[in-house]
Amino acid sequence: MKKAFKIFGLLFSIIMVVGILAGCGSASKAQLKVYNWGDYIDETVIDEFEKKYNIDVIYDTFATNEEMYVKIKGGGADYDVAIPSDYMIERMIKEGMLEKIDFSNVPNYKYIDERFKNLPYDPNNEYSVPYMWGTVGILYNKKMVKEPVDSWKILWDEKYKKQIFMLDSSRDSIGVALKMLGYSLNTRNMDELEQAKEALIRQKPLVLSYVSDEVKNAMISGQAALAVVWSGDAVYTKRENPDLEYAIPKEGSNLWVDAMVILKGTKNKKVAEQFINFMCEPEIAYRNTTYIGYSTPHTEARKMLPPEILNDRTAYPTDEDLKNCEVFEALSDVIKEYDRVWTEVKAAR
Amino acid sequence: MRKTWYAYPYLVWMAIFIVIPLFLLLFYAFTVTTEEGIKFTLQHIKRVWEPIYLMVLLRSVLLALICTVVCLVIGYPVASILASKEYSHNKVLALLLVIPMWINFLVRTYAWMSLLGRNGLIDIVMDFLHLPPVQLLYTDHAVVLGMVYNFLPFMVLPIYSVLTKMDKSIIEAAEDLGADYATVLKRIVIPLSLPGVISGITMVFMPAVTTFIISRLLGGGQYILIGNLIEQQFIVVGDWNFGSAISFVLTVIILISMGIMRKYDREYEGGAIW
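The listed protein sequences derive, respectively, from chains A and B.
Under the numbering used here, the first sequence has 270 at position 270, and the numbering climbs by one with no breaks.
Count along the second sequence from 1, add 1000, and you get the number used in the numbering used here.
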C-alpha cells in the first residue's frame, strides 16, 4: 500500500513539473487581455490577430459599462484594452484610469470618420479610437403593434401590459424616461430626475422583464411586443425576424459611441496599440460591423457595405432622425443619484 | 479539534477565506471614506432599515420560506421512498436525483427559461390542448419553481441519510406492540428523522434567501431579492459600503436562525450532516 502511495506521489510530482515547464513555454508568448461587450466582435478576427502577430489573446466580456467600470476600478482585473461607451470613457479619463494612445502606432486611425473625432468625451482625441456607434430606440413587433411607433409614450400604454422589455441599465432606462418627459438625458436637475423615477415606477407593472443581451432572442421568438434596444441589436433581430421594426422616437434619444481604450498599468502598450490598429484595418472593421450589425465609424468599411444596409435607417439614421439625439455626459457629480433612482425603481413593487 | 501539524493548513485556509473576508465586510459596513480619512459610521446599517430595502428583505425571507416548505413537503416523502428497503429501484432513483446536480446550475436555470417562456415547450403543449397561453416566465411562481428545483436535493439527502441509519428494530418493536402505521410514523419515524429535517431546512433556506441568479433569470429583474440588491451594490452601483452593510445584516439573520436550529438539533441529538 505504501509503495503504491510512493509511486503515485512520484507520478504526481512528474506531472506537476511537466505542467510547470509547459506553462513557462506558453508564458514566453506575448499576451493581450481584451475586455469587450458580450457578442460584440466577429470572433474569427481574434484568431486571425493571434496568428498574425503570434500573440495570446484573453478575451472577456461584460454586459454594462458600470459592470466593467467596477471590475477595473476594484483592481480585480488587469486588462490591456477595453471598449466602453462615451460617458464611461469620459469618467475613466477624469479618474486617470486610461493610458494616452501613441497614434503613430495606430496609422489606421486615418480611416475614422471625422464626425466621430473631437467628441466631448475625448475632445483632443488622445485616449480613444471609435469602434461602433448607434442609437437607442424602440424595437417592436408589427404583428402585435398596429399603431405607428414614434414616441416613447407607447412604453407607458396600458394596452401593452406585460409586453414590454426594458433595458437593465440605469443610464439607458432613466434616459428613456427623461426623454419621454421632454428633458435632457444629461439632466442634473433633481426634480426632473425624481419625475423620471416616478414615471419608471408607474411603468413597472407594464414591464415584462428588465433585460440586457437576452432581449435579442426574446424579441426574435416573439416573447413581447415592444423593447428598448440598441440599434445594432435591432439590425440583427430584424434580419432574423422580418416582423420586427425599429424606431427612434421623435422626442429624441441617445446617440452613443463605443471606443477602444488602453487601460492604465498595461504591460503591453505596444501590443495593445497593435491590436487597436488591427481592428481598424478596413477588412477587419468591415467583418466586425457586418457580424455585429452595429454601425461603423470606419469610412473604408462603410464603402464596402451593401446598399440595403447603408440605406437602412436603423443602422444609418438620417440627420433628421438624429435631430433630438444627445450623447451621454459623464455626470460624475450626480451619478450616485442616478444609481439610487435606479435601485428604487428596481426595488419598488 | 486536536492540534496537530496537519491542522495548520486548514487554519491558514480558514483565515484567508473566512476570517479576512468577514473583517473586510465589517470594515466596509461600518466605515465611510471622507476627505479627512476613514471614519466609523452607522449610516449604512441604518440605510438597510429604510422601508424600501426592508420590503426587499422581507420578500426574500418570505420567498425562501415558501421554497423551504415546498421542498419539505415534496422532499420528505421522496426521501422515505428512497430509504425504504422494500422498494427495489431506490438506487436508480437516488442517482436520478443526484445526476442533475452534476450539470451547472446556471445551465439548468436557462433551460427552465426556454421551458417557461412564451412559445416555450409548456406554451406549445398548452396550444396543442387548445388552452390559452399562460405567462409563466418572469413571475413569482417561476422564481419559486426555480428555487425548489435547484434546492430540493439539499432537502432530500439529509433526510434520506437519517432515515437509512434509523434502527429498524425499533419500528418492528412498535409494530409488535400493536402500533398501526400512522402511530409508528407519528411516534417513531418523524421524531427520529427530525435532525435530518432540520439540516435539510437550513441547507435549503440559506441558499434560497441569498440567491440572486434565479430571481434575475426567471424573475426578469423585477423581482429584486436581497441577493440581487447586494450584487447590484457591488457590480453596478459600486457602493461597497452599503453592499457590505446589507450582507452584514443578512449574516446576522442567518446566524440567529442557525442558532435556533442548533437548539432544536441538540434536543434530538446527532445524525445531521453538520
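Be aware that a few hints might be false.
From the structure, some residues in chain B lie toward chain A, with a derived Cβ separation under 7 Å [said to hold, decoys possible]:
1) Pro1051
2) Ile1052
3) Arg1118
4) Asn1119
5) Ile1122
6) Ile1124
7) Pro1132
8) Leu1136
9) Tyr1138
10) Ala1173
11) Gly1221
Simulated from the structure, these hints should not be mistaken for lab results.
Cβ coordinates follow ideal geometry from the N, Cα and C atoms, glycine included.
Checked hints:
Of the supplied interface hints, the one on Pro1051 (chain B) is violated, with its beta-carbon coming no nearer than about 10 Å to a beta-carbon of chain A, more than 7 Å. Given hint, Ile1052 (chain B) at the interface with chain A, holds; its Cβ is 5 Å from that chain's nearest Cβ, closer than 7 Å. Residue-level restraint check for Arg1118 (chain B) holds (minimum Cβ-Cβ distance to chain A is 4 Å; threshold 7 Å). Satisfaction of the interface hint for Asn1119 (chain B) is found here, the shortest Cβ-Cβ separation to chain A being roughly 5 Å, below the 7 Å cut-off.
Violation of the interface hint for Ile1122 (chain B) is found here, the shortest Cβ-Cβ separation to chain A being roughly 13 Å, above the 7 Å cut-off. Because the smallest distance between the Cβ of Ile1124 (chain B) and any Cβ of chain A comes to about 12 Å, over 7 Å, the interface hint for this residue is violated. A least Cβ separation of about 14 Å between Pro1132 (chain B) and chain A goes past the 7 Å threshold, and the interface hint is therefore violated. Interface restraint check: Leu1136 (chain B) against chain A, minimum CB-CB distance 12 Å, threshold 7 Å, status violated.
A distance limit of 7 Å between C-beta atoms decides the matter here; for Tyr1138 (chain B) the minimum to chain A is near 5 Å, and the interface restraint holds. Interface restraint check: Ala1173 (chain B) against chain A, minimum CB-CB distance 43 Å, threshold 7 Å, status violated. A least Cβ separation of about 3 Å between Gly1221 (chain B) and chain A falls short of the 7 Å threshold, and the interface hint therefore holds.
The earlier numbered hints that this structure contradicts are 1, 5, 6, 7, 8, 10.
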